[in-house]
Every structure is written in structure tokens, then in C-alpha cells.
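Could you build all of it, start to finish, from the sequences and the hints given here?
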Amino acid sequence: MGILFVVLAAGSAVLAIVRVRKRWRFTDIPTSDAAHVFPGLSEVHGTVEPLGAPARAASDGAECVYWTYSVQREQKDKNGSHWVTEESGTTALPFQVRDASGAVRVVIDHEAGVGNLAEIDIEHLSLNYLRPYARVRSKTYEQGSIAKAFGAVFGTNEPDEPISAFTGRWRAFERRLCVGDPVFITGDAQLTPDGDRVEFTRADRQGGRCLLEISKGDEQAAIRSFAGGGSIVVLVAVTLGLLAFAGKEEGAGFAALMLAVFALAVAAVYVIGIWNRVRRVRERGLFAWSLIDVACEQRSNLVPQLQAVVGAAMAHEREVLERLAAARGLGRTPSASATGTVRAADAASA
Numbered sequence: 332m333g334i335l336f337v338v339l340a341a342g343s344a345v346l347a348i349v350r351v352r353k354r355w356r357f358t359d360i361p362t363s364d365a366a367h368v369f370p371g372l373s374e375v376h377g378t379v380e381p382l383g384a385p386a387r388a389a390s391d392g393a394e395c396v397y398w399t400y401s402v403q404r405e406q407k408d409k410n411g412s413h414w415v416t417e418e419s420g421t422t423a424l425p426f427q428v429r430d431a432s433g434a435v436r437v438v439i440d441h442e443a444g445v446g447n448l449a450e451i452d453i454e455h456l457s458l459n460y461l462r463p464y465a466r467v468r469s470k471t472y473e474q475g476s477i478a479k480a481f482g483a484v485f486g487t488n489e490p491d492e493p494i495s496a497f498t499g500r501w502r503a504f505e506r507r508l509c510v511g512d513p514v515f516i517t518g519d520a521q522l523t524p525d526g527d528r529v530e531f532t533r534a535d536r537q538g539g540r541c542l543l544e545i546s547k548g549d550e551q552a553a554i555r556s557f558a559g560g561g562s563i564v565v566l567v568a569v570t571l572g573l574l575a576f577a578g579k580e581e582g583a584g585f586a587a588l589m590l591a592v593f594a595l596a597v598a599a600v601y602v603i604g605i606w607n608r609v610r611r612v613r614e615r616g617l618f619a620w621s622l623i624d625v626a627c628e629q630r631s632n633l634v635p636q637l638q639a640v641v642g643a644a645m646a647h648e649r650e651v652l653e654r655l656a657a658a659r660g661l662g663r664t665p666s667a668s669a670t671g672t673v674r675a676a677d678a679a680s681a
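Residue numbers for the sequence shown follow our numbering, so the first one is 332 and each next one is one higher.
In short, the hints are calculated from the structure, not lab data.
There may be inaccurate statements among the hints.
The following label-pair restraints were derived from C-beta to C-beta distances [as the list claims (entries may be wrong)]:
1. 433 - 504: 32 to 38 Å
2. 384 - 444: 19 to 25 Å
3. 387 - 560: 43 to 49 Å
4. 635 - 444: 49 to 55 Å
5. 432 - 536: 40 to 46 Å
6. 493 - 568: 41 to 47 Å
7. 496 - 355: 20 to 26 Å
8. 596 - 565: 16 to 22 Å
9. 510 - 650: 57 to 63 Å
10. 610 - 650: 55 to 61 Å
Glycine included, C-beta positions come from ideal geometry on N, C-alpha and C.
In C-alpha cells:
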């Protein structure tokens, strides 16, 4: 039994470490202006702006770029009761995050998640009413053969009737990210194929998955959603409690050993985490300086290139004037002192 407590404590510790790493990521990455997002891991905060026609929420028709609904049924078994999702669907559209500096594009799909979204009750609506609002349906409710056979007695649960009228305990809600809502983005900013701008996306050019976390609200709301300090404290307390139970089962010596192992693991994870944080900052700094070097080199080559262009234009103009002079029979290259001669030749030819 003590070994089981140790295994559970290890799982709780791993979850705590994951949330601590996420919290460090939020604190280490500087929040950029929307118009100056840095390629790589970046953060940006602004308001939602649609790209093209926005989607509509089923409850009130509000304009949104992300909308999802879920219809759930209460199921009871020997272990108690829990909610089972019977139908769900999502509409996710690319959008822009805009602030005072400009805007940056965010590309999402139906698999993307958005944190801190309120659940709005839609039990008064029917399934047939909800379905057209979802461009992708991940699950569709269908009655079983037994339910159809006894529908006259126990209720039919037809798609055209309100969900609140279904037999049994049901609930339905929608979540949405509306146009104009404040939003906080953390993710891998990628250069577009044209290379002229940066966008947040869930996949890179090779098709690999990229980090993209979207949360309604500001940075503090995102931290509470993905890496809240309270959850970390609870997980650490659960870990210590499970180790205490393991010590109670296996003896005081075993408990002391497990606490020592836990302390060493925490110290090792902390040192490794600090090292990785410093390494990431160094890599971002080197990448930034490489971009600065490229920009400086381009600017240093600009003046010689302009000089070459202007010189070529002047040489071409001189060549044209020489050909005009030769065509008029002057027999020599025109100069500033020969302006009168050129005018006289023009008058004679007229």
C-alpha cells in the first residue's frame, strides 16, 4: 500500500512541476506589441478583431471568432454519477489581435482551446438549432434502438425539441470568444511563407505542432488559467500528504527516505529549470542579435546601391544627350557652356 502512495505522490509531483514550468514561461517571456511580435516564443495582449466575416453565437447571435457547444447527459453507475458528452461542435476562425501599435494574425482550428471562457446555458435550444452554428462536429447525438423503442413511454429526445425537455438529466452550454474581447496569446510566432510578417499558428511549415495558448483576459488571467499558484500549492501539499501516508504504512525510516528523495528531486528540478531558463534567454538574445546584424548589413549596403543606381541613371542621361547632339550634327559632346549652341541648332532645324 505504501508503494501505491509513493506512485501517486510521484504523479502529483510531476503535475506540480509541469505547472511550475508553465508559470516560469509566462514570467520569462516579455509581452510584445502586436506590431512588433518577435519570431519564436512570444506573448501578445490585445483585443479580438475578425478577419473577414465573423461567426455567430447560437444563444444571442453575438459576433465571435471561436464558438463551441457541448450537450451532456448525467450517467449513473456503481461509482456514482458523472456527465457524459453526447454531442459537441466548434467553429474556429483566424483572427487578429490588435493593440495601439497594430495587429498580429492568429490562426486556429477546431482543436484549439481557449481558456477563461464563461459557460452560457443553452438548454432552451434544440440540437437542430445548434448544429448549423458549428462548422466541425466532433460528436453527434443519436438515440439507441432501445430508446427509440420505448420513446413513447420514456420520451423521444427528438433533435427538434429543447434540450431541457429531454428525458433524464441533461445540460448544454456554449463558450465563445467574441469580437472585441480582450485576449492574451502565448505561442511560437512563425514567419509567413512570404517572410514579410509574423503570425501565431498551431503548425509550422513542416507540419509540426507549435505551442499556442489562448486565454480571454490579460496575462494574470492566463496565469491563473494555465499555471495558477493555488493549484501548485495544492499539488505540493497532496504530494507531501501521500508521502506521509506512505511513511505511515512502511515506517518512519521509509518516510524519511522518501522525503529526502523528494527534496533532492525538487532541488534538481529547480537547478535544471534555472539552467534551461538562462539558456532560452541566451538563445533568444543571439537570435535577436543575428536579426540586428542582418538589418545593419542591409542598411550598410543601401548607400552604395543607391549610389550605383544614381550613377547608372546619370550615365544613361549623358548617353542620351550625346546621341541627341550627334543627331543634330553638332559633332561634339554637349556641355553646360554649349546651351546656346543647342538652342540655335533647335531653332535652325525648326
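Inset, instruction - Against the earlier hints, flag every one the structure doesn't satisfy and list their numbers going up. - result: 3, 5 and 7
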